[in-house]
Structure formats: C-alpha cells, structure tokens
Amino acid sequence: MHLSHYLGLLHKAQARLGDAFTEVGAAHRDEPDVFHTCGRLAAQCREHAEKLAPFARRYAEDAPAEPDRLHSELFSGTRSGGLGLLRDLQDLYLMAAECDICWTVVGQAAYGARDTDLLAVVKSCEQETAIQLKWLRTRMKQAAPQALVVAE
Amino acid sequence: MVDRIADPWGPRTPYGPGDRWPVRVDSFLADGHTEADVQRWVPSASILHSNGDAMDIAVVDDRIVGVRGRAGDRINHGRVDPKDLYGWQANHSPDRLRRPLVREGDRLVETDWDTAMGRIVARSKELLDGPGGWGHFGFYTSGQLFLEEYYTLGVIGKAGLGTPHMDGNTRLCTATAAAALKASFGTDGQPGSYTDVDHCDAIALWGHNVAETQTVLWMRMLDRRRGPNPPAMLAVDPRATPVAREADVHLALRNGTNLALLNGLLRELIRRGWYDEEYVRAHTVGFDELCKVVEDYPVAKVAEICDLPARQIEQAAELLGQSQRLLSTVLQGFYQSNQATAAACQVNNLHLIRGMIGRPGAGIYQMNGQPTAQNNRECGADGDLPGLRNWENPEHVAELARLWNVEVDTIPHWAPPTHAMQIFRYAEQGSIKLLWISATNPAVSLPDLARVRRILTKPELFLVVQDLFLTETAELADVVLPAATWGEKTGTFTSVDRTVHISDKAVDPPGEARPDLDIFLDYARRMDFRDSDGAPLIKWSDPESAFEAWQECSRGRPCDYTAITYERLRAGGIQWPCTEERPDGTERLYTDGVFNTDPDYCESYGHDLATGAELLPDEYRAKEPRGRAFLHATPYQPSPEVPSDDYPLLLTTGRTVYQFHTRTKTGRAPQLAHAAPEAWVELSPADAGPLGVGEGDLVRVESPRGAVRARARICGVRPGVVFLPFHYGYWDAAGPAGPGPGAAGGGRHDRAANELTVTAWDPVSKQPIFKVAAVRVVKEADSGGRPSPAPTVGGSAPPEGSGIPATVGGPAAEAPSRGE
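Here the protein sequences line up with chains A and B, keeping their order.
The first sequence begins at 1 in our numbering and counts up by one.
The second sequence begins at 153 in our numbering and counts up by one.
Check each hint, because a few of them may be wrong.
[To be verified] Using 20 angstroms as the maximum straight-line C-alpha spacing, the simulated SDA-like pairs for lysine to any residue come out as follows:
1) B:Lys444 with A:Val121
2) A:Lys123 with B:Lys610
3) A:Lys141 with B:Glu447
4) A:Lys123 with B:Glu441
5) B:Lys610 with A:Val121
Hints in this document: simulated from the structure, not taken from any laboratory.
The model shown is predicted, which means the values in this text are computed figures rather than measured ones.
Build the full structure now, drawing on both the sequences and the hints.
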C-alpha cells in the first residue's frame, strides 16, 4: 500500500508551508495583516502536520520503499517590497495548493482504506487549507494593481 | 435650570413599556439671550455623536446663540446631549480658519482660493497623467460630513479619478457595524428602531458606554429603568462605566476576549433550549455549524479566558435567555477590539436564534460612534460602493456606470476598496502621492502616532487638509482648505436607526471658509471631469440637487431615499427606506423574517471571519440563502498583542461624555473644555497599590511604540487594565509637554493615547484594534495633593467618599429643561 508515501508527502508539505508562512510573515512585518495572519496560519499548518503524524507512522509499517522524486521544493526564501510581497504570497499559494490536492488524494485513499479516523482529519483540515488559499488569493488581488501598475 | 455638566443626563421622565417616551425640551442660549429674542430657529440635528438628536439652531442678528431640542422629533423628543448644548460655541472660535493656506518651505502662509485649488489641481493632473495614475490618490474623510458631500466625493473618486483608495475615519468607528450587518443580513442598515427602548424587557450593552457616547439614548433607557416594569440590563465592559453601575449584571471581562464570551453565552442559550427552533429553521442558515463551534466553549473555559466568575456568565445567559423582547447595542468595546466582526456577528446570532428581530422591542443597534458614519457607508466615500452595492456583482457596477454615464471599468471594482490603514501604508511606501483629508484628524486619532507623523510629514506626499481649524493634521499639510461647518451649510444625514434629518444653513461661515460640498464641486469643475458623452460628470451644483442625484442612486436599493424631500425633512426625521409604497418611511427592517441575502441583491458575498478571505460568488450562491440570515461562527483567538513580562498591563482607550473625537470642537466650547481639560490615566486600586501610585500622581504609560504622561485616577477599571481617553492631542497642550504651535513633526508627543496603540486591525472590517495593547506604568511624580483632572462623572468617577471635588459647570452651564 502506497498511502504512507502520500501521507509523508502531505506531512512534509504542511510542515514546510508552516515554516514558509512564518518566514513570509516576518519578512513583511510592515504589513501587519500579513504578519498576523501568516502567524496564525503557520500554527494551523503545524497542527495539520501533527494530526497526520500518527497515520503516517501507522501506514509506514506496511509500505514499500519510497520512490524517487516524490517531494518537490516550492520555496527558497523571501523577498522584500511590494512586488516581493506578491511573489512571496504566490509561493505560499502554490504550496497551499499542493497541500490542498494532497488532502484530496489522501481523502480518496482514506475512503479506499475504510479509515474513518483519517477521513475525519482530512475533512477538517482540507477546509482550513481551502480558506488559506482564499486568503492568499484575496490578499494578492488587493495588492496587485498598486504593486504592479502604480508603485515605482 | 440644570447644570448639564454636573448632570449630563438631566431630569428623569419615567415611563412604562409600550408608552410614549415623554417630551423634555432641553435648550441652552448663551450671552443672556432668551427664547423671546431669538429671530430664527433653523432645523438641524446633532453632529457630535451618532444619536441623531434633532434640534433647532437659535439665530440672533445672523449669529448662532444657542440650540433647542425638537419636541416632535422621533429620536430625542426634545432632549439634547451636553456636547450639543455647548459645542456650537466652537463655531465662533477666534482661531477658525478663514483663508486657505499653502506651504512655503516650512511655513503655512495665507493665500486665496485660486492659488490653493490651483496647486491641488496642478498636482492632481500631473499624477493622473499616465498608467496607474488613479493609484496615486487617496481620500480620507470623516463621519461628520453631510450625505450630499460624501456622495459627490464618492462620484469624483470612483467615476472621475477612478481610485479605490477612499475611506473615512468611520473605519475607526463603525466599519465593524457595517461588516457585521452585511455578513449576517446581506446588506448594511440597522434592523431596529430607537423606539425599541420603549418596548423591550431586557437591554444588553456589548462594549457600549452609551451613557457617555449617546447620552440621549441613555436617557431613554434610564427613563424606562425608572418607570414601571423596567427592562433588565446587562453590561459588558472592563470599566465601571455609568452603564456598568446601572446594570443588573456587569461582566468586566478581560479586553480582547469578547468572542469567547459570546461563544460561551450562545452555547448556554442553545443547551438550555432558550432559542426559537422554528425561527432558526425558517429564517437562518448555518445553525449546525454554529452549534459545533460554540460547543467548545463551556462556561468554565470561558470564565478562564475572560477572567470572569462562572456564575456571572450564567446569570448573563439567564437574563438574555429569559427575555421576551431583547434590545442589544454594540459599540467600540467590540468594534475596536480583537475579532471585532466575529464578535459583533455573534450578537446578531443571539438575536437570530432567539427570533428577536423585526418586532417592537427586539432590536439590534450595531451602533455608530460618528454622527454621519451611516452616510459615508451608504454614499461610497468610504470603502463601499454607493447604494449598498456589491463591488463583486457586475450588474451592480454596471448600474452605477449607467447612472454616472461612464465606462464600467473606470469604477474601481477589481478588488475591495482600500481601507484606511492600507491607504496610509501606500502613502508610507510612496505609491499614494496625494492624500486629501477632510474633517478628521488622523495625527491624533490613528494608532501608533509616531508612525502616522512620519507618513504625513514625508516630503514627497502632497497633503491636502480640509477642516475648521489648524488641527494637528492640518499643521502638516501642503494645502489647508478652510471649511464651513454645521450651522453654516445645508445638508442631510442619517442616524443609527436610519432616521434622516436635514441640517439647514443658519449663518454664513467665517471669512472665506466654504461648505465642503462647494470645495468638492470646485475641484470637479477645475479637474474638468467628463462623462462618456463629454458632458460634465457632476451634474449638480448645490445641496438639494446633490440630494436628488443621490435619490436616483439609492432607488431600488435597501437605503431607498426616493420619497424623502428636503421639504418633508424640515418637519422632522424620516427613516429609510422611504418610497412611493412606503411614504412614511420604515420603522423596522426584516419584520417578515426575509433578509437581504439574495445573491443578486446582497452587498457582499461574505468572508471567512478569522482571516478575512473573500468567498467566491459561486460559493455564496451554493449556500442558497433564499432570504435567510447567516449564522456565522468562529473560534476565539487571542489578540495580536497580549501582556508580557515587559508590558504586563492591558491598555484600553475610550471617551468621556464631555468630548468628541479629537476635541476639534468640544475642546473649544468653554463648559466642555473645563469639565475635562486634560488627559488622565485610570488604574484599579489593585494595580495602583503595588506601583505606589495614588490619586493624582503623574505616571508614564509606555508601550513598545511610545509613552504618555498623565495624572492617575484610581477607580473602577478592572485589575490589569489601564484606561486612557483618546480625545487629547497637542493643539492646546500647555507648557513643555506639548510641541507648541507650529511645531510640525517635532516636539514632545506624550499626551495622545494613540502614541501607545498598535497597528493591527480586524481581518474583515479592517477596523483598528484600539482596545488591546500591552503597556507598563511607571510613577513619575507625586500628586502634591491635587487630584487627577479626570471628571467625577462617567467612567472615571472616583470611589464614593474619595473627597475629590465634583465636576460641575456652574452658572455658565445652566440650561433649562421643560416638560410637555
């Protein structure tokens, strides 16, 4: 059963997204809403990762070896300024999108495995990831015209 | 005669449930005038708080000499707030601005209107020329202009310049009320009526010190409390305000925990079956989700988060749950605090699950603090589209484009309008290059003033300030435009309960000062804004024609003004919507349990209350509201700033009954200025003792952002909390504590409460968090036997037997009150 690999992928993606939220928030401290919201969402991502950990351990027991090139790197540090904020939020958006689709995949697997406990975790967390995507989209929509057309 | 400084609420006229509130006509005429020698009485209403009290302006020899409440008006039945009784005298201040000023080097020098407007127009045209030119403009207005002025400015900004960067200081005061009304009911607009006080059997005041903010509304509540079958009263406030002292249950909760309290109260109501199952089923969406969220808030947990006795929370739930006609009012204790919109929505939820909406006595006032805030929201000079339209609904934007005869894409609708804090951020970053501030004073009223001063003094920012006086903000401007004020210009405005009043011009403004409407019209003419056919964009030229243009804009929307005329308003206030079908106006909204949540009609497709993330139109439609109201639920989160070892106390800010905003007017009315001349610091005895601070001692309050010096009043604020009044800036600071006249960026700044407050805001309403900041208090000097300048009336009242002399106004403040 390969479920453990996707659980590992999602677990790592959630942990990395948490760290990236923290980094982006700190880099854009002068945007207080970004700073405060990123802080809260970072904590949310870490909670997601914690909730996944016991399932990852359980399914690891009957998993074959992890295939190559399962993980991807989506974030390599923050930028500054208005344009940099947009780019950083876009990185977060792509990372959250990766988590979002992982939740879908893992949720499907949970159905297949008849694992109602895992399904409950997926259902609560995927809603929060969806809100994270919406917030990122909202904030970028708001910032884009000024950053791309008006600012010098 | 009543000394309305010593007794701001005047004599009681008790009445029972369902009875008519008795008339009591208050008046004040200065300089020995009597009603007999008044030559003209000119209809108006209050512009110094949001109650909407109607009054007549007394004129003798083309000079205002006083005011008198309007006995027949639906809101005040003749009563007048002390701020209004005395505040008009500021119109006559010798330091009124009489001519425009322009900056020459580091000085502001007098000039003529052509020169001043010429500079603004030259800079505007320069900025507008090029892609994204619209983005260099920011407008920051007020809660004190008139409807006609907001609407005109809204059209200039949205259809002339095409900028989304418009907001008002209503963002500091009433943005959460609007956000919560939209989120729960589909559009802005107060469901209830002030007459709900006459019918209710319980009143819950959520972070609302109504006794000091809207004294006439408090008089109405007090008169019910002194009459037969009085309503029960619940107060939620960390301070021992007059409201808290009057209430049957007072929850002095820890600041920033309102949402936890409401979650706990709702859980109690649901568990005990104190809700209307049928109403919930027929008229709401989201009950199951609400139950799930509040289930996590048992009383014991809430008691710990809020630092309240569990028994008190249960008593509050009983008071709310056993009422049959509950009236709720919400203000800054919720709006300027942590999780503002979520907490305000929980009050709406409480009424919705109990079916307490749309009938006499079952009212909700999501209040305003500023008197004309409602109009800023309706007319679109703040972060909304005019007529409570939805910027995400293409048909709504197209309607405006047809009405104004401009291209749809001229009207900014690609993202939410820019909120005030973001406007200042863009100015800080340099992309907003022209900031036009009218009738407000951000150099005192915004959070983290050191930062605000840095922004306003940036040499590359062209700052226009339009006001009555050389305020702390005007001192920093590049162009200062002298404005006319209340009594010197004509216009209309709308109170919290949707009552529209007219305020007619009584006298001429001083010198060359001009009505704000004339200034905006002049700018539009000089900028030569055109519609799609090449005709002038602004087709009106005076208040009445501006009002008529607005009527067309409001047609068919919830705030429909089409059957309201100037002539009708001169006879008394009328509540919108007022149409051919409803010619007498509308006392209560949602009487049939049908809400404005239809996707084609609603003002917003909603937000996630925890992050502010916008929901997509399709998601909104998928909820199939079908006229049902939304029950929103959110878990509690601690405030962005909480006490630490370095800053162990919590700061809250607020008002005194004697002052308004940054005292631009009330500080110049002698009776009001004398009653509360200086800032003070409130400490509880439990905190003052260990700090070695006694009554009247000079203390320094410090936050990570700055320091304030003031004398301590030891009184009934909750332990762990420090209170500062927010009115006090620097224009009249005496001695070395102030920067002195003409000191722009420099000088000592240690008087305004906002030196300390944090730059942070609610994710949905974008209202700044003024009520939660971490501070420490250090004693600087002994009182020398002198008590603090805090009034003995209101929230700063000292404990009984303190021996501190009472705040009185004396003969200069004597004002007659007469019954029917």
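Status of each hint after checking the structure:
1. Between Lys444 (chain B) and Val121 (chain A) the CA atoms are separated by roughly 16 angstroms; this keeps the pair inside 20 angstroms, and the hint holds.
2. With a CA separation close to 50 angstroms, the supplied pair Lys123 (chain A) and Lys610 (chain B) exceeds the 20 angstroms bound.
3. The hinted pair formed by Lys141 (chain A) and Glu447 (chain B) fails the criterion: a straight-line CA distance of about 35 angstroms is larger than 20 angstroms.
4. Only pairs whose Cα atoms come within 20 angstroms are accepted, and Lys123 (chain A) paired with Glu441 (chain B) is accepted, the gap being roughly 14 angstroms.
5. With a CA separation close to 51 angstroms, the supplied pair Lys610 (chain B) and Val121 (chain A) exceeds the 20 angstroms bound.
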